[in-house]
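As a plain string of letters, each chain reads:
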Amino acid sequence: MALINLAAGEINYKIVYYGCGLGGKTTSVQYIYKKINPEVRGKLVSIATEEERTLYFDFLPLTLGKVRGLNTRFHLYTVPGQRQYNASRKLVIQGVDGIVFVVDSQINRLDDNVESYLNMWENLEGQGDSPLDLGLVLQYNKRDLTDKFPASDLDELLNQTNAPAFETCALTGEGVFEALRNVSKQVIARVGD
Amino acid sequence: MSQKQTVNEYQFKMAQHILQQLREAISPDYLGLVSTNGHSILSLASPGFVDTDAVASLAASSYAATRQLARLLTDSDFTMMFNEGKRLNVHIAQVSDNVLLVVCFRRVASIGKVRVLTNRAIGALSDAITRYDDKQGPRRSDGRYTESAGAAVDRMLHAEGASEDGTD
Numbered sequence: 001m002a003l004i005n006l007a008a009g010e011i012n013y014k015i016v017y018y019g020c021g022l023g024g025k026t027t028s029v030q031y032i033y034k035k036i037n038p039e040v041r042g043k044l045v046s047i048a049t050e051e052e053r054t055l056y057f058d059f060l061p062l063t064l065g066k067v068r069g070l071n072t073r074f075h076l077y078t079v080p081g082q083r084q085y086n087a088s089r090k091l092v093i094q095g096v097d098g099i100v101f102v103v104d105s106q107i108n109r110l111d112d113n114v115e116s117y118l119n120m121w122e123n124l125e126g127q128g129d130s131p132l133d134l135g136l137v138l139q140y141n142k143r144d145l146t147d148k149f150p151a152s153d154l155d156e157l158l159n160q161t162n163a164p165a166f167e168t169c170a171l172t173g174e175g176v177f178e179a180l181r182n183v184s185k186q187v188i189a190r191v192g193d
Numbered sequence: 001m002s003q004k005q006t007v008n009e010y011q012f013k014m015a016q017h018i019l020q021q022l023r024e025a026i027s028p029d030y031l032g033l034v035s036t037n038g039h040s041i042l043s044l045a046s047p048g049f050v051d052t053d054a055v056a057s058l059a060a061s062s063y064a065a066t067r068q069l070a071r072l073l074t075d076s077d078f079t080m081m082f083n084e085g086k087r088l089n090v091h092i093a094q095v096s097d098n099v100l101l102v103v104c105f106r107r108v109a110s111i112g113k114v115r116v117l118t119n120r121a122i123g124a125l126s127d128a129i130t131r132y133d134d135k136q137g138p139r140r141s142d143g144r145y146t147e148s149a150g151a152a153v154d155r156m157l158h159a160e161g162a163s164e165d166g167t168d
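Respectively, the protein sequence lines represent chains A and B.
Position one of the first sequence corresponds to residue 1 (the working numbering), numbered consecutively onward.
Position one of the second sequence corresponds to residue 1 (the working numbering), numbered consecutively onward.
Only chain B is shown next, with the shape it has when bound in the complex (with noise of 0.2 Å):
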């Protein structure tokens, strides 16, 4: 049986709680908790910001191929990853070992403001995932999803319906 990441509705909340206050604290274009396999967990975005997954997927990846990196490099890990953008900045942070956080930001924010209070995020995210991290989970459905989720796939790859409909 393949691995699973589980999320729980404590970790949850409270993540959303700690990013809700750096928000507003910092007012970002966008706050994300990524998983480092890039799947998008959490995230808060200004109305029209770009794709959250399509940033989700390459801030995990860019921050991975900067771990590996600084292995080969170094042979010891970065632990923070930032880019200076003409109209943005990004940094990207681990929060756990399976978890990242992922700050866009505009420049006239103040960088060392946005580094302090992100850190002090990351302590108290850290400590809310780890402390009641729940690896099994409990079950996530009636018994059927595995079934319905098939029928699903059926329905999202029917050849005809899929040709015709998604032409460019």
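Looking at chain A on its own, in the form it has when it is part of the complex (with noise of 0.2 Å):
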């Protein structure tokens, strides 16, 4: 749910990042914090384990300036993907007002990706949202690795909705400024003027 503060002059948004764990949800938000223009960013708050996986959430505010006299912002989260951290996940998800969905790509994860995007389908359900009203994108990630699905398997294993689909290497950025850039302005147009 975007929150358009009139008085003050801002409107922000909220995207999270989704997938199962070890996906490069992340590697994705720590490729954006490294390579975007200082000026824009905010502090890159993680919530993690010793071992680095996430336990909450991973959370990156973009400011964007003044659009139109409105400030505007985005503000990134991270879902943590393993299986027993779903009551974390609902809590993330509240009010989003966008999603990058980011699937492993490797053939050996097709079955954690697929519960995965049915895991976010049953908690966007769950909390009144459908993701026909939200933004979303796919990153297909690890697309450097070889034992992987092609793009249009995974397409058609996992975009039920023909969302934006992108070919990423979160470790290297490909890809992942083209998917965030596209899915907001997914919910730019979705909130509307």
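Please keep in mind that the hints were generated in silico from the structure rather than gathered at the bench.
In this text, a Cβ means the ideal position worked out from N, Cα and C, and glycines have one as well.
The reader is advised that the hints may include incorrect statements.
To be verified - To give an idea of the interface, some chain B residues facing chain A are shown, with a C-beta separation under 10 Å as derived from the structure: (1) K13; (2) Q16; (3) E24; (4) S27; (5) S35; (6) G38; (7) L42; (8) S46; (9) V50; (10) Q68; (11) L69; (12) L73; (13) T74; (14) S148; (15) M156.
Quick one: dock chain against chain with the hints and give me the complex.
Here you go:
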């Protein structure tokens, strides 16, 4: 749910990186943090375990600057991907405007991807949202690895809504900005003028 | 179309006035109205206070987790959270369905006084927010916001510029 503060001239959007554990959500946000103009980024906050696995979320605020008199900001979050953290995922997606679903392209992760995708639908519907009403893009991540599904297969298996999909490598950043750009524009358009 | 939570001018000015009064009474390091989704609505902070966006996000998340825990354990809601630190205490309380008040204050301040005055402020804030709630809100721009914001996103995420400028 975008927060529009008319008196302060601000609008805030929430974008969540969703997907199975070790799929590249945190790496994507870390890449954005490292490579984006430092003037537009805030502090990257991570609530992680000692093994650096996401325990609750990562958080990165980005400031677009004044647009038609409104200071426009995006808050990027990740969810913890591991199965046992579903309660935390439900909390993180509260009020979400857009989702970047990060798919691990490796063949042996198919079941995890499908489970996570279904879990995303279930959690969104559980809070009264539908992915159809939100901004949504898919990142087919780890395209640098050899043992991976072709993007067309991933489309067939996971992209039930024909959302824009991007082949990415979060480690090198390939496709990461493009995916963020697309979902950002979707959420802006959905909230509207 | 996505849902939106709108803060109108009257709500904002009332909240500003109420928080300013509370600030004068308890001299906190930080006073913030925060949406339950983690967005900062209004904040009054001492010079040099840490990143208020991060505070808003963490406070809302922490509150949401505690409330969920309460529901799980006791089947009821907690309506406030209090954390005692070595130097600072943090008090988080629900103002309305979608809004929280976060108060960070030094340990030298009386906890009782802070709680009483904060609760009083919450009553006034809740009244201002719910009575003057305008869910639709007026149009916020001249109709070209979407187009202009899209162009600003392109500039922010301009691939070459971003990768060159932002490297740590």
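The hints, checked one at a time:
Because the beta carbon of B:K13 sits about 6 Å from the nearest beta carbon in chain A, less than 10 Å, this interface hint is met. The beta carbon of B:Q16 is positioned within 10 Å of a beta carbon in chain A (closest approach about 8 Å), and the interface hint is therefore held. A distance limit of 10 Å between C-beta atoms decides the matter here; for B:E24 the minimum to chain A is near 21 Å, and the interface restraint is violated. Restraint check, B:S27 versus chain A: the minimum CB separation of about 23 Å is more than 10 Å; hint violated.
Among the interface hints, the one on B:S35 holds; its C-beta lies about 5 Å from the nearest C-beta in chain A, closer than the 10 Å criterion. Using the Cβ-Cβ criterion of 10 Å, the hint placing B:G38 at the interface with chain A is satisfied: the shortest such distance is roughly 7 Å. A cut of 10 Å between beta carbons decides the hint on B:L42: the least distance to chain A is about 7 Å, and the hint holds. About 18 Å separates the beta-carbon of B:S46 from the nearest beta-carbon of chain A, more than 10 Å, and the hint is not met.
A distance limit of 10 Å between C-beta atoms decides the matter here; for B:V50 the minimum to chain A is near 8 Å, and the interface restraint holds. The criterion of a C-beta within 10 Å of any C-beta in chain A is met by B:Q68, whose closest approach is roughly 6 Å, and the hint holds. For B:L69, the suggested interface contact is upheld, since its CB lies about 9 Å from the closest CB of chain A, less than 10 Å. Below 10 Å, beta-carbon pairs count as interface contacts, and B:L73 has none with chain A, the closest being about 13 Å; its hint is therefore violated.
A distance limit of 10 Å between C-beta atoms decides the matter here; for B:T74 the minimum to chain A is near 16 Å, and the interface restraint is violated. Look at B:S148: its Cβ gets to within about 5 Å of chain A, closer than 10 Å, so that hint holds up. Interface hint status for B:M156: upheld, as the beta-carbon distance to the closest one in chain A is roughly 6 Å, under 10 Å.
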